[in-house]
Amino acid sequence: MNAHLIMTLIKKDLTLFTRNRFYFIITIVGLVMYILMYFVMPKTMDETLKLGIYAPGMPSFENSLVSDRGIEAKSFTTLEELREAVMQNEYPAAIALPEDMLTQLATGQKPVVTVYFAASAPEEMKGAITALVNQLAYLATGQAILLEMQSEVLGPDLIGAQIPWRDRFIPMMAILIMGTEILSLASLISTEVEQNTVRALLVTPLKLRHLFTAKAILGIGLAFIQVLLFMIVVGGLSQEPLTMILGLFIGSVLITGLGFLVASLARDMMGVTTWGMIVTIIFFIPALGGMIPGMLSGWAKVLPSYHLTDAISRLSNYGASFHDISGHFLIMLGWSAAFAVIGIMTLGRRYR
Amino acid sequence: MTQDAIVVENLSYHYGKILAVDHISFRVARQEILGFLGPNGAGKSTTVKVLTGQLRLQEGHATLLGMDIAQDIERVQARMGVCFEQPNLYEQMTALENLELFARLFDMKSFDGYALLKKVGLEGREKDRVANYSKGMKQRLMVARSLVNQAEILFLDEPTTGLDPVSADSIRNLILKERERGATVFLTTHDMWEADKLCDRVAFLNQGKIASLDTPHTLKQQYGQRSLVVEISRNGQLEERTVTLDKPETSETMRELFSREKVVTVHSQEATLEDIFLKVTGRRLTL
Numbered sequence: 001m002n003a004h005l006i007m008t009l010i011k012k013d014l015t016l017f018t019r020n021r022f023y024f025i026i027t028i029v030g031l032v033m034y035i036l037m038y039f040v041m042p043k044t045m046d047e048t049l050k051l052g053i054y055a056p057g058m059p060s061f062e063n064s065l066v067s068d069r070g071i072e073a074k075s076f077t078t079l080e081e082l083r084e085a086v087m088q089n090e091y092p093a094a095i096a097l098p099e100d101m102l103t104q105l106a107t108g109q110k111p112v113v114t115v116y117f118a119a120s121a122p123e124e125m126k127g128a129i130t131a132l133v134n135q136l137a138y139l140a141t142g143q144a145i146l147l148e149m150q151s152e153v154l155g156p157d158l159i160g161a162q163i164p165w166r167d168r169f170i171p172m173m174a175i176l177i178m179g180t181e182i183l184s185l186a187s188l189i190s191t192e193v194e195q196n197t198v199r200a201l202l203v204t205p206l207k208l209r210h211l212f213t214a215k216a217i218l219g220i221g222l223a224f225i226q227v228l229l230f231m232i233v234v235g236g237l238s239q240e241p242l243t244m245i246l247g248l249f250i251g252s253v254l255i256t257g258l259g260f261l262v263a264s265l266a267r268d269m270m271g272v273t274t275w276g277m278i279v280t281i282i283f284f285i286p287a288l289g290g291m292i293p294g295m296l297s298g299w300a301k302v303l304p305s306y307h308l309t310d311a312i313s314r315l316s317n318y319g320a321s322f323h324d325i326s327g328h329f330l331i332m333l334g335w336s337a338a339f340a341v342i343g344i345m346t347l348g349r350r351y352r
Numbered sequence: 001m002t003q004d005a006i007v008v009e010n011l012s013y014h015y016g017k018i019l020a021v022d023h024i025s026f027r028v029a030r031q032e033i034l035g036f037l038g039p040n041g042a043g044k045s046t047t048v049k050v051l052t053g054q055l056r057l058q059e060g061h062a063t064l065l066g067m068d069i070a071q072d073i074e075r076v077q078a079r080m081g082v083c084f085e086q087p088n089l090y091e092q093m094t095a096l097e098n099l100e101l102f103a104r105l106f107d108m109k110s111f112d113g114y115a116l117l118k119k120v121g122l123e124g125r126e127k128d129r130v131a132n133y134s135k136g137m138k139q140r141l142m143v144a145r146s147l148v149n150q151a152e153i154l155f156l157d158e159p160t161t162g163l164d165p166v167s168a169d170s171i172r173n174l175i176l177k178e179r180e181r182g183a184t185v186f187l188t189t190h191d192m193w194e195a196d197k198l199c200d201r202v203a204f205l206n207q208g209k210i211a212s213l214d215t216p217h218t219l220k221q222q223y224g225q226r227s228l229v230v231e232i233s234r235n236g237q238l239e240e241r242t243v244t245l246d247k248p249e250t251s252e253t254m255r256e257l258f259s260r261e262k263v264v265t266v267h268s269q270e271a272t273l274e275d276i277f278l279k280v281t282g283r284r285l286t287l
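Going down the list, the sequences are from chains A and B. For the first sequence, my numbering begins at 1 and goes up steadily by one. For the second sequence, my numbering begins at 1 and goes up steadily by one.
Any given hint could be a false lead.
[Unchecked claim] Some chain B residues flagged as far from chain A (calculated, every beta-carbon gap over 10 Å):
(1) N40
(2) Q77
(3) E91
(4) N149
(5) L176
(6) K197
(7) R260
[What the hints assert, rightly or not] Only pairs whose alpha carbons sit at most 27 Å apart, straight line, appear in this in silico DSSO-like list of lysine-lysine:
(8) B/K138 <-> A/K207
(9) B/K109 <-> A/K207
(10) A/K11 <-> B/K127
(11) B/K49 <-> A/K207
(12) B/K279 <-> B/K197
(13) A/K11 <-> B/K279
(14) B/K138 <-> A/K11
(15) B/K109 <-> A/K11
(16) B/K138 <-> B/K119
Since the hints were made in silico from the structure, they are not lab data. It should be emphasised that the depicted structure is a prediction, and the values quoted were computed from it without experimental measurement. Positions of the beta carbon are idealized from the N, C-alpha and C atoms, including for glycine.
The following block holds chain B by itself, in its conformation from the complex (with noise of 0.2 Å):
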């Protein structure tokens, strides 16, 4: 199936007179990770729910799966999972209660709770009430809760924050596994380091606009630079330089740090999405 997963155009929508988001339009394909990058206000949630259906949709189209969300909402919303910012679980309910109520709104016949909260490493601890949970667990229990339906869009806002560095990992190694069963992704994430490791591409969302939308690597290769930290001995103090590559003068000055400057080491540096996020937009990611 060649058609896409998510069709957006001229999505726009306001807040009263507030314009939250400003005629956005972007595709994404199936099985693609679409990473959805801005700083707070810059209208990621809202466009998440317009497309989730939690906000009508007031001006432009989007299509899901082939179907407008104006129109068939309640069939996309079948076919979709959403994974939230904030946790709203139901916290006197046990972990597996929380799955299987889920499982049963969207009526999957053969529902394996056990199987899927040890996917999230929730093994041991499905029959804890969510309030004896921690804040790590209640996240990956929240994306154990998106993944009920089996569902072919993802939408995962924010699934890793809070997390400890390896429940993070797992979380990310199973949104890969999500895509290789065919699901599409669409994530919205403040970390740039995740959405490098896990995007296929990225939106740089900014004041409710698309300022620029490719794959990381091609972003990069536009806006960033290469360069080379090199670290000298001065008198016993260590100092730092950085050689910037791809510049007429590069070898001329990397050629005189090594014949006037007791070089120690020499470290290869690329430029990450936090600045090439700032070089497009003007402002920094996180504050």
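Bound conformation, chain A alone (with noise of 0.2 Å):
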């Protein structure tokens, strides 16, 4: 491999996507505009907390919580929908007494009541409901009295885990900024062809193999550099540096190999736009749903960007390890390589 010919490519490449002003204002424009919602975003969470109510054949008391002790309560008539809000995360917490709790009393039985917690709810949660059920009963009958309380958690357990939102888009805009690459990368091999510059190029000692480790380089480098420059502003290496590292240049590799297959879906810059969204769109989804745990549909999780967004979301807000998401990292390598081969074949076809 003539590493002179490969770096005068890179070389003219760089100057093209720096004279491109699309890509080149919307990735400088894109990776500060990243930089700025992150530290926009609140570092603390709000202390109100909200509270979901199933007590049925109780008196309405939701009134009595919300003046002086910062809850915002809501009663539900069914269980169902009780669960359903905290699946939904719209409350991090709730609980549901038992129907006859006023006649288990009353017969001097323990009524049994359930505290649901939502997978975001922190851990210091559990102790305030708990005087808060306690604080409830005695509402409801006028007297302390004894409970015996059981919690589930809806969805992955993250109590003890809470992360500020601002912590929780980290994945989602580092796959933003290395997503906008696809559609640069593309488009620097389709123009390619279609300006038929590729021809002039390949009747010089110039080969294929040569044209395309140009672009991988590049491409890898564009989204590598630049999701790496975003990691280090939000500290988002603080955790596992190394891994994370190698996570985000793996995710660049899986970035230019999905370059490579929408320019050889693409004939021209139209092509281009219209396949490159449409990838560009289906990559982001496990980057959106990821920002809360529990949210992503099961489907999701074959598209390879899950494993991406799964990696760097467990490495910078969950403390996890290289042994953890390793086997996500073969994945995208595995991924990477069949975008990569397919496109590239698909691309050397076309050019000769």
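Hey, can you piece these two chains together into the complex? The hints should help.
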């Protein structure tokens, strides 16, 4: 492999990239915008406790909770509605009192109160809810009573690991930054075909293997440098930095594979835009869904970008180690190779 | 060195079931300018693409500078220059950047882009982006790009298309200078006048086959008819008569014209390559 030829091509493509106002501007503006977005978002959580209550046959007492305790309570008429509200993260916690609570108390039994927690509820909430339930029982009966409490977490259990919203956005923003380069790379490749410059290149000592290697290096470089810069600025490398850097690099390889795939699907710039948008939107789905644990539907997990999203998310927010996410890396490399091979083979046939 | 620069033997090329080039054979000597003439679809571009390595050799044999293109195309390409018919330049780069890019690809150590651009009449516009160039300027830059590596063989596909007469003439002079430098030129063109003036030999290509290959002079002698165009005045109106030369009755016809008519002008007329192409192939070069 002739490094001199490859470097010459990379330099040429960088020149063309910086002179393509659209891609250059969205790259720079995008990077700056995502960094600003991160810092504009709150770094602390809202202290108001939203609480769902299912208390059949009991007087309505949410008004007595609201005023001075920082609690926003809502009564639900069915247990299913209550559970669904917690599942959907509308309420971080909810309590369900038994239907015959008063009867049980009257007969000296110990009523069982179920407390539901959303996946993202903080650890401190458990203690608060216990005190609250006792208070509710007092409000309902007018006397201090003993209750038996059982708790259930709806969705993945993240209690005690509450993460500020801006940190939850890190994987999504990282993937948006990298994903933009799918279009940039596909455009650089497609333009060579559309303007027929590839023919001029291929009657020089330069061969297709040099051309594809140069494009791949450029694609990986553009995506990797930007996302790395972003992660450094927002502190995304604070945990397992080497594993994170490796993950971002493999993510950039995945982006490059997709860039080749889009370029091979498109016949011209219009095709690049169309196919690029489709692929990019699909690519972003896991990133958008992955911001909230439990929100992502099962089918989205087959998308290659799910592995990137989950890897970044778990590394940056949930203290995962290389061992925990190495499977994601392998799957991403597999997808990258598949996309790149399909793209390069198709483009190779077209270039000839 | 007496070895021919280009040797082609029984070259054929198919696009699927369509036979684009049909067992053609020819040789081009070093420092020769060979004109490859033919209408659209005759197989000119396919031949060029095969010889320059843009298409894989399917059938036959071809050597350039003594190297087999089936085996050594990469080495051959390092020593050839190609000017494409349609501009395929990096439009967002300057003319100088375009040339310097290709100079680096050819690993030219001491390359003077300014001097080359001056040669093709683009001095003063070296740092303009190609997107801002006119069609003629782009064409001149295409020619300049093919000269970047001081190639031993130049493949020039319609190099003067779209140029004004002055620019076209400067490019023709440049081609002649390249030949003087030592380059062999393979020129495809529709311009019969250009082929006549520039080419040492011309090949007529028709339906994938070489219908004829010789010097323009020999072809004219072999197929052409010399004639005289005589302008006479009758009742105040000018009329034209064409008298074919080299026939037994030519002198008698001319004598009669001079004795009976009022001859205003007499011009000699030579057969053009266009006429000869029509005679040889039964088709016109340009539609």
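Verification of the hints:
1. No Cβ of chain A approaches the Cβ of B/N40 within 10 Å, the least distance being about 18 Å, so the stated non-interface status holds.
2. Listed as a non-interface residue, B/Q77 fails to keep its Cβ farther than 10 Å from every Cβ of chain A; the least gap is roughly 6 Å.
3. Listed as a non-interface residue, B/E91 fails to keep its Cβ farther than 10 Å from every Cβ of chain A; the least gap is roughly 7 Å.
4. For B/N149, the shortest C-beta to C-beta distance to chain A comes to about 8 Å, within the 10 Å cut-off, and the non-interface label is violated.
5. For B/L176, the non-interface assignment is confirmed: its Cβ lies about 23 Å from the closest Cβ of chain A, beyond the 10 Å cut-off.
6. With a least beta-carbon separation of about 27 Å from chain A, B/K197 lies farther than 10 Å from that chain, consistent with its non-interface assignment.
7. Distance check for B/R260 against chain A: the nearest CB is about 62 Å away, which clears 10 Å, and the non-interface claim stands.
8. Restraint check for B/K138 and A/K207: satisfied, since their Cα atoms lie roughly 25 Å apart, inside the 27 Å limit.
9. About 20 Å separates the Cα atoms of B/K109 and A/K207, which keeps this hinted pair within 27 Å; it holds.
10. As the CA atoms of A/K11 and B/K127 are separated by approximately 18 Å, the hinted pair is consistent with the 27 Å bound.
11. Taking the CA atoms of B/K49 and A/K207, the gap is about 15 Å. The hint holds against a cut of 27 Å.
12. Proposed proximity of B/K279 and B/K197 is supported: the alpha carbons are some 20 Å apart, at most 27 Å.
13. The suggested pairing of A/K11 with B/K279 is violated, with an alpha-carbon distance near 53 Å, which exceeds 27 Å.
14. Proposed proximity of B/K138 and A/K11 is supported: the alpha carbons are some 22 Å apart, at most 27 Å.
15. About 18 Å separates the Cα atoms of B/K109 and A/K11, which keeps this hinted pair within 27 Å; it holds.
16. Under the criterion of a C-alpha separation no larger than 27 Å, the hint pairing B/K138 with B/K119 is consistent with the structure, at around 14 Å.
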